[in-house]
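Novice: All chains should be built: construct the whole structure from the sequences, respecting the hints.
In case you want the letters, here they are:
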Amino acid sequence: MELAIIIPLLAAAVQSGTPILYATLGEIITEKSGVLNLGVEGVMIIGTLTAFVVALATGSPTLAFVAAGIAGTLTAAIHGMVCLWFKGNQVVSGLALTILGTGLADYLGNAYVGRTAPGFTPIALPLVSEIPIVGPIFFNHDPLVYLTYGIPPLIWYGLMRTRPGLCLRAAGEHPAAATAAGLHVAAYRWFGVLGGGFLMGLGGAYLSLSYTHLWTNNLTGGRGWIAVALVIFAFWRPGRAVFGAYLFGGIMALQLRLQASGTQIPSSLLLMLPYALTVIVLVLSSWRRGMSEAPAALGINVEPAD
Amino acid sequence: MFRIRITKRQERRGWRSCLVVLTAIVLSLVLSGILLALRGTPPLVGLAVLFKGAFGSRFAIEDCLVKAIPIFLCSLGVAVAFRLQVWNIGAEGQFALGAVGATWVALSFPDLPGPILLPAMIAMAALAGGLWGMIPAILRQRLRTNEIIVTLMLNYIAILFLDYLVYGVWKDPTSFGFPMTREFSPQAVVGRIGSTSINWGLAHCLVLGTVVWVFIRFTRLGFELKAAGDSVRAARYAGIPYDRLVVLVMVISGALAGWAGFLEASATINRLQPSIMAGYGYTAIVVAWLARLNPLSIAFASFLLAGLRVGVENLQLDLQVPAAFGGILEGLILLTVLGGGLFTSYRIAVRRN
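Order-wise, the sequence lines are chains A and B. Numbers given in our numbering equal positions in the first sequence, counted from 1, plus 7. Numbers given in our numbering equal positions in the second sequence, counted from 1, plus 20.
If a hint is listed, it holds; no wrong ones were tucked in.
In silico lysine-lysine, BS3-like type, Cα no more than 25 Å apart, as pairs:
hint	chain 1	residue 1	chain 2	residue 2
1	A	94	B	246
2	B	28	A	94
3	B	246	B	28
Simulated restraints, written as ranges between beta carbons of each label pair:
hint	chain 1	residue 1	chain 2	residue 2	range
4	A	269	B	259	57 to 63 Å
5	A	271	B	196	21 to 27 Å
6	A	228	B	227	36 to 42 Å
The following residues of chain B were derived to be distant from chain A, with all beta-carbon distances above 12 Å:
hint	residue
7	68
8	71
9	82
10	129
11	130
12	151
13	194
14	198
15	202
16	207
17	222
18	228
19	231
20	236
21	263
22	320
Hints were generated in silico from the structure; no laboratory data involved. Note that the Cβ used here is the ideal one computed from N, Cα and C, for glycine as well.
Specialist: See below:
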């Protein structure tokens, strides 16, 4: 195989995988606390729009990035209110959030379609970017990609090695026992929803700040749903999420390259690739372990005790 | 200090959930009014345009009924699946494949007489939609694969497949490059009722709605469905074949959505083209939940949400409000209805400590 083709493709895989990675990590935190948020797609697109608008208004991509995280948190809070306060069905609430989020982004972003905003550009890291093969694949990106190198270990450590992480997992595994142990389950679930929403918003921001620098409708294009599937593929582990996100980034990059190469394959069939891969990946992971790795109380609301 | 105490209600009253739905709709309209104001559209004027556009004339009402037909059929299917706690988000894709199946028959045998051609189109549409619904069901039954994501991904795939056909092999050579098939032969078109713009699909809805209602209410299988939906474990213990029910409801669900796809292609646009995908499959989910999965309420809710769509089209024409406004309204209504569920299922008491 020719390295001259493979290396840029893998570098593109890392880049296209990054927004999915942010969103997947966000959903892992949310689901670990026992809340299923199917509104990832809606939360992401609100992040994408917020980042774009703030970058356009202030000229500061960094500010835009943080704003997108906050917008993601606020959007996810709607899900939190419906499920944690009003005990609404988590599946349907997530779907509704996706419908609402995409609608809002199209509606509020209508005036911005086709405009461009300042964003991040790739910065080659000194020294490490010189390493053959690894350098050009991993260390010649924009700062938002580098940031994701640090987040998965941090989440792993936070969830698995700290006391609050243990409590959050307890809220997702056995809320009744956690309550009996004196934990405030609702607070940990709120943290899972809001923290997850923050990361999903950041993932959305990547699409307008680094990936495209412009605003069009439906920029997320199902990435939020792919993230939901990747959580299952990753068995709720941040490390495996990285692998899964880059796999999908790879297939998206490959599809774009094939389209650009003027192949005979119709573009509608090429566009199916990531979605078909999602189904395949999901089938393979459920075949191997099923849902046995899922938090035991995932998607189940805590009934008020008498 | 005040303390809020929430306890589960033993009985569920119909009027209470009606009140909740009404409050939810009003609340959603108020919130969306704020969004209109953000754009500089006076909210009351906007909502008036929306309602006049939806229900203000005979033509508008007819348009609502035409749009309610596919929503009703998809929603009926979605509700049957939801009843069993099978989360079928795939009505949109099953609808697409139904339209594709019907179109294949219409384009392959254009000269068959109507009484043979139309049933053949329906059968093919229901088969295509049903099989598309069966894939996630079998995966869930055999491997416990999450049906929410599979049905959703199959939506994307089905819509792209439809695109592939109308941009490629099925493209009408005389369409000046537009992605659409030939117009169907007159025998392949479901006609209109009298002098109205409403097609006979409305009668299909009446029949299918009744069949589903009788099935749920009066048959053993329908009872098993309800029992299994209430508690999977209890159902298994009682010897109800839960896994087979999952496949059954998904096939029914897909067949109904496929039927809707047939009607949309045959009666409404008389051909296949990408614009056939108007998101009815997602609206159907909102409708099913709004109607608490009850067939009769689904009919009302379909008409209501079809009205919202027609009204939003009017809003778009008159006040240049983006079409996405409809999605916002649907999302808001669904979220507020979900939240309002607290007041129907639980008793809330505020006490002084």
